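Asks: For reference, the chains in residue letters:
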Amino acid sequence: MEKNFIIAGFGGQGVLLAGEVLANAFMLDNKNVTWYPSYGAEMRGGTVNCEIVMNDSEDVSSVNKAQADYVLALNQASFDRFLPKVKSGGWMIANSTLVDEVKKRSDINYFFAPVTRLADELGNSKMTNILSLGVLAKISGLTSLDTLEKALDNVLPPHRKNLLPLNCKALKIGYEYDLSAVKV
Amino acid sequence: MEKNFIIAGFGGQGVLLAGEVLANAFMLDNKNVTWYPSYGAEMRGGTVNCEIVMNDSEDVSSVNKAQADYVLALNQASFDRFLPKVKSGGWMIANSTLVDEVKKRSDINYFFAPVTRLADELGNSKMTNILSLGVLAKISGLTSLDTLEKALDNVLPPHRKNLLPLNCKALKIGYEYDLSAVKV
Amino acid sequence: MTTLTQTFKIPESIKKGSKFSFCPGCDHGVAVRLVAEVLDELGLRENTIAVASIGCSVTLYDFLEVDSLEAPHGRALAEATGIKRARPDKFVFTYQGDGDFASIGMAESMHCALRGENVTAICINNTTYGMTGGQLGPTTLLGQVTTTSPKGRNVEYYGYPIKIAEHMALCDGTAYSARVSLDTVPNIRKAKAAIKKAFEIQLKGLGFSFVEILATCPTNWKKTPQKAHDRVREEMMPIFKPGIYKDITANN
Amino acid sequence: MTTLTQTFKIPESIKKGSKFSFCPGCDHGVAVRLVAEVLDELGLRENTIAVASIGCSVTLYDFLEVDSLEAPHGRALAEATGIKRARPDKFVFTYQGDGDFASIGMAESMHCALRGENVTAICINNTTYGMTGGQLGPTTLLGQVTTTSPKGRNVEYYGYPIKIAEHMALCDGTAYSARVSLDTVPNIRKAKAAIKKAFEIQLKGLGFSFVEILATCPTNWKKTPQKAHDRVREEMMPIFKPGIYKDITANN
Amino acid sequence: MTECLTKSKKVLTKGNYAIANAAVIAGCECYFGYPITPQSEIGEFMSGKMQELKRAYVSAESELASINMVLGACSTGAKAMTSSSSCAVSLMQEALSYAASDELPIVLVSVMRGGPGLGNIYPSQGDYNQATIGGGDGDYKMIVLAPSTVQECVDLTYRAFYLAHKYKNPTILLADGLLGQMMEPVEFGEYPYPEVDNSSWALSGAKNRPARVIRSYAPSADDQCEFLKKLHAKYKLIEEKETDWEEINTEDADIILVSFGSPARNAKSAMKECRKMGLKVGMLRPITLSPFPSKRIAELAQTAKKFISVEINMGQMIRDIKLAVNGKVPVELLNRPVGNPPSVEEIIERIKKESEV
Amino acid sequence: MTECLTKSKKVLTKGNYAIANAAVIAGCECYFGYPITPQSEIGEFMSGKMQELKRAYVSAESELASINMVLGACSTGAKAMTSSSSCAVSLMQEALSYAASDELPIVLVSVMRGGPGLGNIYPSQGDYNQATIGGGDGDYKMIVLAPSTVQECVDLTYRAFYLAHKYKNPTILLADGLLGQMMEPVEFGEYPYPEVDNSSWALSGAKNRPARVIRSYAPSADDQCEFLKKLHAKYKLIEEKETDWEEINTEDADIILVSFGSPARNAKSAMKECRKMGLKVGMLRPITLSPFPSKRIAELAQTAKKFISVEINMGQMIRDIKLAVNGKVPVELLNRPVGNPPSVEEIIERIKKESEV
Amino acid sequence: MAEREMIMSHVVIDKERCKGCYLCIDECPKKLLKIGKDVNSLGVHLVEFEDPNHECLGCALCATRCPDMAITEVYKG
Amino acid sequence: MAEREMIMSHVVIDKERCKGCYLCIDECPKKLLKIGKDVNSLGVHLVEFEDPNHECLGCALCATRCPDMAITEVYKG
Ligand SMILES: Cc1ncc(C[n+]2csc(CCOP(=O)(O)OP(=O)(O)O)c2C)c(N)n1
Ligand SMILES: Cc1ncc(C[n+]2csc(CCOP(=O)(O)OP(=O)(O)O)c2C)c(N)n1
Ligand code: SF4
Ligand code: SF4
Ligand code: SF4
Ligand code: SF4
Ligand code: SF4
Ligand code: SF4
Ligand SMILES: [Mg+2]
Ligand SMILES: [Mg+2]
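Chains as they are written, first to last, in my numbering: chain A, 382 to 565; chain B, 382 to 565; chain C, 694 to 945; chain D, 694 to 945; chain E, 937 to 1293; chain F, 937 to 1293; chain G, 133 to 209; chain H, 133 to 209.
Because the hints were derived from the structure by calculation, they are not lab data.
No experiment lies behind these values; they were computed from the predicted model shown.
Backbone N, C-alpha and C define an ideal beta-carbon position, used for all residues, glycine too.
There's no promise every hint is true.
[Claimed, not checked] The calculated lysine-lysine pairs, modelled on DSS-like cross-linking and capped at a C-alpha distance of 27 Å, are: (1) F/1212 - E/1231; (2) E/1231 - F/1241; (3) B/384 - F/1208; (4) D/702 - E/1143.
[Stated by the list, open to error] Have a look at the derived ranges for each label pair, beta carbon to beta carbon: (5) C/847 - A/485: 53 to 61 Å; (6) E/1238 - F/1288: 28 to 36 Å; (7) A/560 - G/161: 55 to 63 Å; (8) D/928 - C/936: 29 to 37 Å; (9) B/560 - D/843: 53 to 61 Å; (10) C/936 - E/1170: 52 to 60 Å; (11) C/879 - D/893: 47 to 55 Å; (12) G/171 - C/917: 15 to 23 Å; (13) A/501 - C/847: 36 to 44 Å.
Build out the structure end to end from the sequences listed, making use of the hints.
Replies: Below you can see the structure in the form of structure tokens.
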């Protein structure tokens, strides 16, 4: 089984880090995983994204995939850009604080959560990335909250470890967010 | 018909220039001619040589020939080094002022002339090269004194033109040197 | 009703509709504008060939409405030499980073000055390789933390920064060498005067002219643009002293 | 019967049975011997790694009985840096021509000095590229005729020669920079003292040490060895003034 | 970053850091470098780590300087390296040629970006020729290793140091920008190779032995001819002993994909997909690009009906494949000039098309 | 020397001077150079002549500088050149790659000496790969012209300037040390090509037109892909239009010698000798090494029984021959690693041996 | 354009050029510039020029300082 | 070796090293060196040391000047 994820947003929204946490989680789950960023001559302040490919059968994953099983879009530009990349039957998970709740494609699943607002409520809008990662993880059902917390611990450098509790909190809020709103 | 010549001596004896004059003469005779020096990392003061290939049939001459029709050796080291390179039936013409008159090979022609002494007698030992060129040219019978004089004129740079008469004189002495001494 | 006088406008030499791609608050923007203003004031735009270097300012040609060549990293003054020798009637200048000019391009810079090429070089000294993410460069100050001097520049591993304007002044072909700063508006004005002087020296055919501009790199310094200017003043200027190091037209 | 004192001998550091391949009267021979004498006197031979450069002295390793690396043209001080960083306990010096050091190798030379690498560079300034047949180089004097300045070095086409020792002195990592000459025996002795001082500075770990040696190239100058020394005195020394340009151990 | 790289457990690591950390574990004593995207992380990592370990690190003034510093360090027998990318590797060609001729065990990590010229920082395999044929003067060969995963970045970094020293030959680890920036779980373990004894040739001061010289200058043409023959005999030996590749499903394959580096990942996936569809597709992934697995490809050309070279360039490795196949069967190119590797879908489509013919 | 080179009559001229004087007659406006044996005479000649004609001459501080000065001068549409040799040409690889990408009409005269590294100053063809494949980054091609006589040094220098400007492509005149030092009678005549109008792209100041930029930086991968395709379409065009070679006695030949530069002279003589002996030998001499006459060689592979590549290196051109022949018939190598070309006798002997088989 | 802009010193700000570095704010001797609420396409909170008391000197200190020529015009009345 | 060489200042010249630059000649304060008739394998007329009046100072000025270490030893008596 192979699943791939795209996490996209503004530069500064921490999408690369969120992706790294997810990749770490898959690693802890003993799966093969590959993370890679989009990079190039993009303007500072433009959109940033990374792709995570998880599989538990192959020794090595392919890259530059035509489509993704899950897209997490933290801003409108990312939503617009990656909507066509969601696999038919796949998921578009979007930050409804910054993204209009419009559903152009009918062959995919949508989930809109006001993650930036939720992070603000938590007291730190910088937690948007981790909070939304919680949502993504839960929806995918591919890793546990527990693993994600360990993954966070892996990713935060020593001088940032003080932020671990807050990050875990954000993760939890996302992971336990009410998915009943999901309409398939 | 193709004939090739090696002119060799000390650095400073003017062997490259002598070769250039000969090559010029062949050019003036409307023959194809190629001149090239030996070069490499040889010590300053070591032996120097050049090869002249004349032909009147081919458009282009081959290089790096195994043997030569004529070798002109102005010092002992050159004599020793190039003796084996004379074609069977070819000529070794040597400066007997500096070269021992020893004839190891019997399948070639030798001509020894005391060219440095003759040049000294002319008042300039620097004329050794041109004087011996005269001898070589005469023996080969491949170009005329007249052509060689024009060739000299071609080769001497403007600020050296004052040396033309002396050079012509040396050439003439060589060209008219008594060849009766030749024992085939 | 009094009439209005326009005290500021976008220079003609700036490409219409272009926007700088520099980070917010980066002094590169000011420097490029000053160059454009001087090109305007001296009426040089249509006769200029600019040489862009590899660094944050590589896309200079996207901002200036002048013919431009992009030189390989460090070779801008070789390119400028080629251009000027081929077309001595053209006005030729380079716009380079300190890494480009004084690190990989040290030989080309020095020899251009020694030859007294009649070109002008503008060198932006921001004490780092900005474009590649803020590594230690030839002008990085002692103690400065960069991505390749995580504990600060120490002498044992990295040695000392170079004083570019001083070295340029020492070359006999150099007609003008100045170091200026963009930390305050008065200094911005002085910087502009130095650029103008350098350009005039080329117009007079007097030889190599050089302006080193102390500038900020807020992104890699991890400082606000304001604090970055404080750093220029407090840390850079005591080591890299602004001043005119050589001016063969000055009478003294 | 008085006993004899030996006042001259071939240094131990000279390879047994080797002969210099330099032209008759070339000062390279004196310079190499002085280096060997100093290696002897400081007992360094067995702990030394020399870096030979591309120029007439490329076969330095054929003359010196010390471990040697041949560096690509101009890169001797990069090689020396690599060696010293890998083996800080070794004594490391380069022996370079002026073309190698100050033309193609300008960036490497300058940055080695700026870094204050604890190595010594000896640079033979003979105002030309000797090995390739006497072309105009970075130190060729104004007016000097070379194979690439057939009517003499003019400023318009060629610019000015570089003052190497001065530039080296200006680099903060340089502990010692001197210019000496080999035109007379007293000056040869001074040259030796400078080399010794430079080597001692390295032994003390004080940073980059540099000796520029004014030397002849009789072959390419087309002068007798005697007249070549006159030229050093009359034409070179007024422009390239001998002296100690920097010595951080001097108390003043 | 520095902190999380341990030898003992799996860590999610970026290709560039994986290479750098592996070099440290391999015992690299000296790193000299000049920044260039997409590999600057290597130097950044090294700047901290090497100082921490009291090893040598220099922020060189240019790539010319950094590669020559490596030559200097290696002349003492030290393990030394630099890393760079494309246009900057172009600047190193003279030194690489010297290193080959000097027989110095230098290690160069080349993380390819788009060319020619400045190009851009997207992934590319445009420097296959530069690495395998070399842009320096004369007849010499590098050893070139091409990782295709981050774990291989580690393994082949180890191998690069080993082979460089074993054969006294410049060795290039040739990655692409995508691999440099990619994170995957890796295990570093210990450096798995024996230490090579350099004491017979390294410069260390002529104490109790005659002085040594390392040089590339040959005083006579005959000397040089002899030297070149010796050098090429060494290359032959390396080819026999060290040629390495990965091969899957080739036994019965009609079509064999040949691909290295990151595109090989997609080629593999595509191959597997095609097998599921019943297409007889196999793949060969050269791990050493130089020596190239020509012999094996020649063997496979006896049974396969077609080869497809999958590359991110205008078609460079395909020449080596063609030379190996020597006209036996067609060799086709599936390339993208620069940027991401051809996608799995693209490769599958091409395989289908080629199968129809 | 300068004085004797006239346009009107035959003069005995050294290859290096022939190239230099031809460049002057071709209208070369700028020469930038740094000395290196065996081609320093080119710069020496230029230093006097260019100043006499009030054209540009610079004694550059290095080959890095000289080649980049050429790029600068060419960006204005000027005819500009540099000349160098082997290890020093290695230093130019970055700039050559930029020039290809910038589409600048630079002319580089490369007079090969022995490599790798410093090597020595003997003749060699060890830089065939360097010139034809290029050691710079990315996918680009040079035009490479290979003279085999001093007259051709003149003719191909003219052609180099013409082709460089016609196709806006870096062009290399690839000679060897022997040709550089050789004297033969030559006629210079007039520059035989039309002047190419550069006004549509050259930098001249943005007067009454939008500003121009010459750059090699491509902001996006897609842009770069497009650019590379365009560039390679140009190379295809050059291949179709400008591939050039000399061919003798190939119609009925069993063995075809392939050789360029000075060894081609010996190959020709050997071929003629063998014909006298009744051996069916022909020869093909590539004049453009890039584009290589692959198509013609492929045609000849239909009738010939064997090819022999005669080179002064370890076998470089032979790869291109093999790629063209594509396994049809064997391709053998007759080489000398460095120094003088294989002698006529040696070649004859080899032909005889190969004929027996 | 309001009439007063015709006769009084003022500055013109190009919202799409402003990158929100806020260097201009400190520079103004009259403190006429401040961070506004509006955001441009870069996501930057724009600088606003507010001069109710007609204090602007038209001195262009702000524009001279601005690294992005976002203050595109300055007029002195 | 002659006995006087054992006790008196003198120099030793290596004929195969001498390249005939004659720099030593000018250097000797006592003018004890001169161009001789003998030629070595390089074709160079060798320098000769002639000191009939035992004037040599053993000062080694000659050897210090010699670029080829052809004056291989100097002794002061
Ligand atoms: C030959 C080469 N080496 C390295 C690079 C990578 N590179 C691009 S810009 C740059 C440094 C720029 O620093 P600087 O010149 O100071 O300009 P800044 O960005 O700071 O304005 C480097 C190292 C390159 N493009 N080419
Ligand atoms: C890269 C490169 N460029 C050029 C040369 C040719 N070359 C060899 S030595 C030399 C100049 C030597 O001059 P200098 O360094 O002054 O030493 P000198 O011979 O005068 O002592 C040159 C240009 C070379 N070997 N390599
Ligand atoms: S990285 Fe630094 S120098 Fe470059 S644009 Fe940003 S702030 Fe300016
Ligand atoms: S060419 Fe000049 S520098 Fe070189 S050995 Fe001869 S005299 Fe000395
Ligand atoms: S200085 Fe310019 S870019 Fe910065 S905030 Fe002010 S107007 Fe905006
Ligand atoms: S022009 Fe002067 S007073 Fe007016 S806003 Fe700008 S800085 Fe303030
Ligand atoms: S100085 Fe030395 S080499 Fe020169 S003549 Fe005297 S002994 Fe001979
Ligand atoms: S030692 Fe002194 S006195 Fe004796 S020969 Fe030499 S220079 Fe003359
Ligand atoms: Mg900078
Ligand atoms: Mg010199």
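Asks: Compare the structure with each hint and give your call.
Replies: Going down the list of hints, with the structure as the test:
1. F/1212 - E/1231: Violated, because 40 Å separates the two Cα atoms, which is more than 27 Å.
2. E/1231 - F/1241: holds (24 Å)
3. B/384 - F/1208: holds (17 Å)
4. D/702 - E/1143: holds (22 Å)
5. C/847 - A/485: 53 to 61 Å: holds (57 Å)
6. E/1238 - F/1288: 28 to 36 Å: holds (33 Å)
7. A/560 - G/161: 55 to 63 Å: holds (57 Å)
8. D/928 - C/936: 29 to 37 Å: At 34 Å between Cβs, range holds.
9. B/560 - D/843: 53 to 61 Å: violated (43 Å)
10. C/936 - E/1170: 52 to 60 Å: 58 Å Cβ-Cβ, so the 52 to 60 Å window holds.
11. C/879 - D/893: 47 to 55 Å: Cβ of residue 879 of chain C to Cβ of residue 893 of chain D: about 49 Å, so the range 47 to 55 Å holds.
12. G/171 - C/917: 15 to 23 Å: Taking Cβ atoms as reference, residue 171 of chain G and residue 917 of chain C lie about 19 Å apart, which means the hint holds.
13. A/501 - C/847: 36 to 44 Å: holds (43 Å)
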